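Colleague: Read off the chains here:
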Amino acid sequence: ILNVEQSPQSLHVQEGDSTNFTCSFPSSNFYALHWYRWETAKSPEALFVMTLNGDEKKKGRISATLNTKEGYSYLYIKGSQPEDSATYLCASPNAGGTSYGKLTFGQGTILTVHP
Amino acid sequence: DVKVTQSSRYLVKRTGEKVFLECVQDMDHENMFWYRQDPGLGLRLIYFSYDVKMKEKGDIPEGYSVSREKKERFSLILESASTNQTSMYLCASSSYRGATGELFFGEGSRLTVL
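Chains as they are written, first to last, in this note's numbering: chain A, 73 to 187; chain B, 1100 to 1213.
Derived by calculation from the structure, the hints in this document are not laboratory data.
This one's a predicted model, so the numbers in the text were calculated from it and none came from an experiment.
Here are the simulated DSS-like pairs of lysine-lysine, each with C-alpha atoms no more than 27 Å apart in a straight line:
hint	chain 1	residue 1	chain 2	residue 2
1	A	K131	B	K1102
2	A	K130	A	K114
3	A	K150	A	K131
4	A	K129	B	K1102
5	B	K1102	A	K114
6	B	K1170	A	K114
7	B	K1102	B	K1152
8	A	K114	B	K1169
9	A	K114	B	K1112
10	B	K1102	A	K130
The calculated label-pair distances, taken between Cβ atoms and stated as ranges, are:
hint	chain 1	residue 1	chain 2	residue 2	range
11	A	E117	B	D1137	19 to 29 Å
12	A	Y146	B	D1137	19 to 29 Å
13	B	K1169	A	G151	41 to 51 Å
14	A	G126	B	T1211	41 to 51 Å
15	A	E128	B	S1166	37 to 47 Å
16	A	P187	B	P1160	38 to 48 Å
17	B	R1108	A	H186	20 to 30 Å
From the derived model, a few chain B residues whose C-beta atoms are all more than 12 Å from chain A:
hint	residue
18	K1117
19	E1121
20	S1166
21	K1169
22	T1182
23	L1213
All C-beta atoms, glycine included, are put in the ideal place defined by N, C-alpha and C.
Next comes chain B alone, as it looks inside the complex (with noise of 0.2 Å):
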C-alpha cells in the first residue's frame, strides 16, 4: 500500500516559533510537494522538489523553505511563523511522468499559530 506520511497531524505554534513539517514517501517517487489548503481557495503550491537538494519555489513560497537531503523526505520550514499561517498543509509526491503523473498526498498537517 503506497503511502505519503505527514509528522504531525495537529499542531499549535506561537507566533515568531520556528516550524518544523516532515513529510515522507514510501514510493522512490523523484517530485514531491508542498501545498496549502484556505477555505475558497483550493490547494496552493508553497514549494516542489523534483530531486534530492532540488528544489524550486510555487506560487505563494514567501515566509517558507524547503529541504530535501533524501529522496523520500521533504521538509518544509517556517522560519518564524505568522497568524497567517494558520493553515491546512498537504504533502504530495509523483513519479517522474510529466503531465500525466498523479499526485499521491499524505492526510495533512493543520496548523494553527496563536
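Okay, chain A solo, but in the shape it has when bound (with noise of 0.2 Å):
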C-alpha cells in the first residue's frame, strides 16, 4: 500500500491569515498528486492534479506546488476566509492502479478559519 502522508492533522487560523500545509508521498515511480477539498456536508471536490516536477497550480486563493524528487506537495491558501473551512485532501494512485486512477488518500488537514 502506498503511504501518503498530511500534515498538520487539523489547523486553527483566524480570518486573513495565511496558511499552508504538506502532503508527502514515496518519490519513486511518481505518476501523479491529486488534491480535492471536503466541505462539511457536501461532496469532496478535486482542486488540482500535478504531474510535474517544479508544477505550481493556483486557483482564486489557493495554490500548489509539488516536488517529485523529494515527494512532497505544499498547499497554500492566502487570506483564509471561513469559507476556505474543510478537509484538505491529498491523493496518489497507487503504482499497480494507475490505468484505473485508483488512489491511496492521505489522512486530510482539517482547516478551520475562525471570523
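The two chains are supplied separately, each in an independent frame; assemble them into the complex guided by the hints.
Modeller: Below you can see the structure in the form of C-alpha cells.
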C-alpha cells in the first residue's frame, strides 16, 4: 500500500491569515498528485491534479506546489476566509492502479478559519 | 451539472442485517469506487470497478461485496453488518484517464450499525 501522509492533522487560523500544509508521498514511481477539498455536508471536490516536478497550480487564493524528487506537495491558502474551512485531502495513484485511477489518500488536514 | 448520487445520506442498521448502498453517476464514467472514511484514517478504498461486471478489491474489502450490472450504477453490499462497519461511505467515479483522472464524489452515506 502506498503511504501518503499529511500534516498537520488540524489547523485553526484567523480570518485573513495565510496558511499552508503538507502532503508527502513516496518519490519513486511517481505518477500524479491530487488535491481535494471536502466541505462539511458536501462532496469532496478536486482542486488540482499535478504531474510535473516543480509544477505550481493556482485557483483563486489557493495554490499548490509539487516536488517529485523529494516526495512532497504544499497547499497554500492566502488570506483565509471562513468559507475555506474544510478538510483538505491529497492522494496519489497506487503503482498498480494507474490504469484505473485508483487513489490512495492521506489522512487529511482539517482547516478551521475563525471570523 | 455532473453528478454522483448516493441513495441514502443516513442509515441506521442492526448487527447482522444485510445493507445495500447504491451509487449512480451520470457522466458515463468507466471507473467507479467505494471508499470509507474514518476519523484519523482518511479515505480507504474498499472496492473499485473499471467496467460493467468487473470489480477488484481495494485495501479493505473484508466484509463487503459489490455489484456493477450497469455502467452508471455501483452497489456496495454489507452481507452481515457489524458495528466496526459504522462509518461514512463515499462513492466516486472517474473517466479512463489513468493516474490523472480526477475523482467525482457523491455526498456520502453515513451508516451506523447498532
